[in-house]
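J.: Turn these sequences into a full structure, and let the hints steer you where they fit.
Counting along the sequence shown from 1, when you hit position 88 you're at 88 in the numbering used here, and nothing is skipped either side.
FYI, nobody ran anything at the bench for these hints, they're computed from the structure.
Be careful, since some hints might not be right.
Estimated spans, in silico, between C-beta atoms of each pair [what the hints assert, rightly or not]:
hint : residue 1 : residue 2 : range
1    : Ser121    : Ser19     : 36 to 44 Å
2    : Arg22     : Ala157    : 26 to 34 Å
3    : Leu95     : Val171    : 34 to 42 Å
4    : Leu37     : Leu135    : 38 to 46 Å
5    : Met175    : Val21     : 47 to 55 Å
6    : Leu65     : Leu95     : 29 to 37 Å
7    : Phe59     : Leu37     : 26 to 34 Å
8    : Leu95     : Asn173    : 36 to 44 Å
9    : Arg88     : Leu56     : 33 to 41 Å
10   : Pro174    : Ser19     : 44 to 52 Å
The C-beta atom is built at its ideal place from N, Cα and C for all residues, glycine as well.
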Amino acid sequence: MSVADSADLAPPPWFSTGSFVRAALVAVPGIVAAGGLAARLSGSTDANPWYQSLTLPVFQPPGPLFGIAWAILYTLIGVAVAMVWGTRDARGKPLAIGLFALGLAINLCWSPLFFKLHMISAALGIIIVMLLVALATSWAFARVNRLAAWLLLPYLAWLCFATALNIAILVLNPMADAMPIGL
Numbered sequence: 001m002s003v004a005d006s007a008d009l010a011p012p013p014w015f016s017t018g019s020f021v022r023a024a025l026v027a028v029p030g031i032v033a034a035g036g037l038a039a040r041l042s043g044s045t046d047a048n049p050w051y052q053s054l055t056l057p058v059f060q061p062p063g064p065l066f067g068i069a070w071a072i073l074y075t076l077i078g079v080a081v082a083m084v085w086g087t088r089d090a091r092g093k094p095l096a097i098g099l100f101a102l103g104l105a106i107n108l109c110w111s112p113l114f115f116k117l118h119m120i121s122a123a124l125g126i127i128i129v130m131l132l133v134a135l136a137t138s139w140a141f142a143r144v145n146r147l148a149a150w151l152l153l154p155y156l157a158w159l160c161f162a163t164a165l166n167i168a169i170l171v172l173n174p175m176a177d178a179m180p181i182g183l
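T.: Dropping the structure here:
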């Protein structure tokens, strides 16, 4: 391999591998743990009697798939934010990190609304906002690090699927929604 070839493999000058690794060591476990804790505290498991009493759509995946999917998604999200966070002097980095933080906060609100408070329609509103913020975050990430934006694509796809699932559950179970009765 020539010197010219090895220069092509070098990371961009604004990307520091050490900064990325440090950021990933904080972001990935922190995001996975926060998501897992929010799910656990809100009762988003197969053992939730309210959820088990709902009429679920035919495209509802098996319960264990949700935990697996979210662990993978939170890991990808953590790596993506670490790539952005680990950059130095990148234009747009504060906006990208800010949108990410907003999106994560919104994400962590969905499970308690849906599973704990049984507010299916409010959860639908939250997931739509979550999807819009995730799209904006992906756009902002692309301005800092394109690979980080690409890593958000599975999350965006899952949010589209989860939105369809939320809509179907609301349509199939209008009386299960706590919003109309003010609870």
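J.: Is the hinted range of 36 to 44 Å satisfied by the C-beta distance from Leu95 to Asn173?
T.: holds (39 Å)
J.: Confirm or reject the claim that Leu37 and Leu135 have a C-beta distance inside 38 to 46 Å.
T.: At roughly 26 Å between Cβ atoms, Leu135 and Leu37 fall outside 38 to 46 Å, so the hint is violated.
J.: Determine whether the Cβ-Cβ distance between Leu95 and Val171 falls within the hinted range of 34 to 42 Å.
T.: holds (36 Å)
J.: Starting from the range 26 to 34 Å, see whether the pair Phe59 and Leu37 falls in it by beta-carbon distance.
T.: holds (28 Å)
J.: Regarding Met175 and Val21, is the given constraint of 47 to 55 Å on their beta-carbon distance met?
T.: holds (51 Å)
J.: Arg22 and Ala157, beta-carbon distance inside 26 to 34 Å?
T.: holds (29 Å)
J.: Quick one: are Pro174 and Ser19 within 44 to 52 Å, going by C-beta?
T.: holds (50 Å)
J.: Holds or violated: the 33 to 41 Å window for the beta-carbon distance between Arg88 and Leu56?
T.: Violated, since Arg88 and Leu56 (Cβ atoms, about 47 Å apart) do not stay within the stated range.
J.: Take the C-beta atom of Leu65 and the C-beta atom of Leu95, compute their distance, and say whether it sits inside 29 to 37 Å.
T.: Roughly 34 Å apart at Cβ, these two residues keep to the hinted range, so it holds.
J.: With 36 to 44 Å as the target window, see if Ser121 and Ser19 comply at their CB atoms.
T.: holds (42 Å)
Of the numbered hints stated above, those contradicted by the structure are hints 4 and 9, listed in ascending order.
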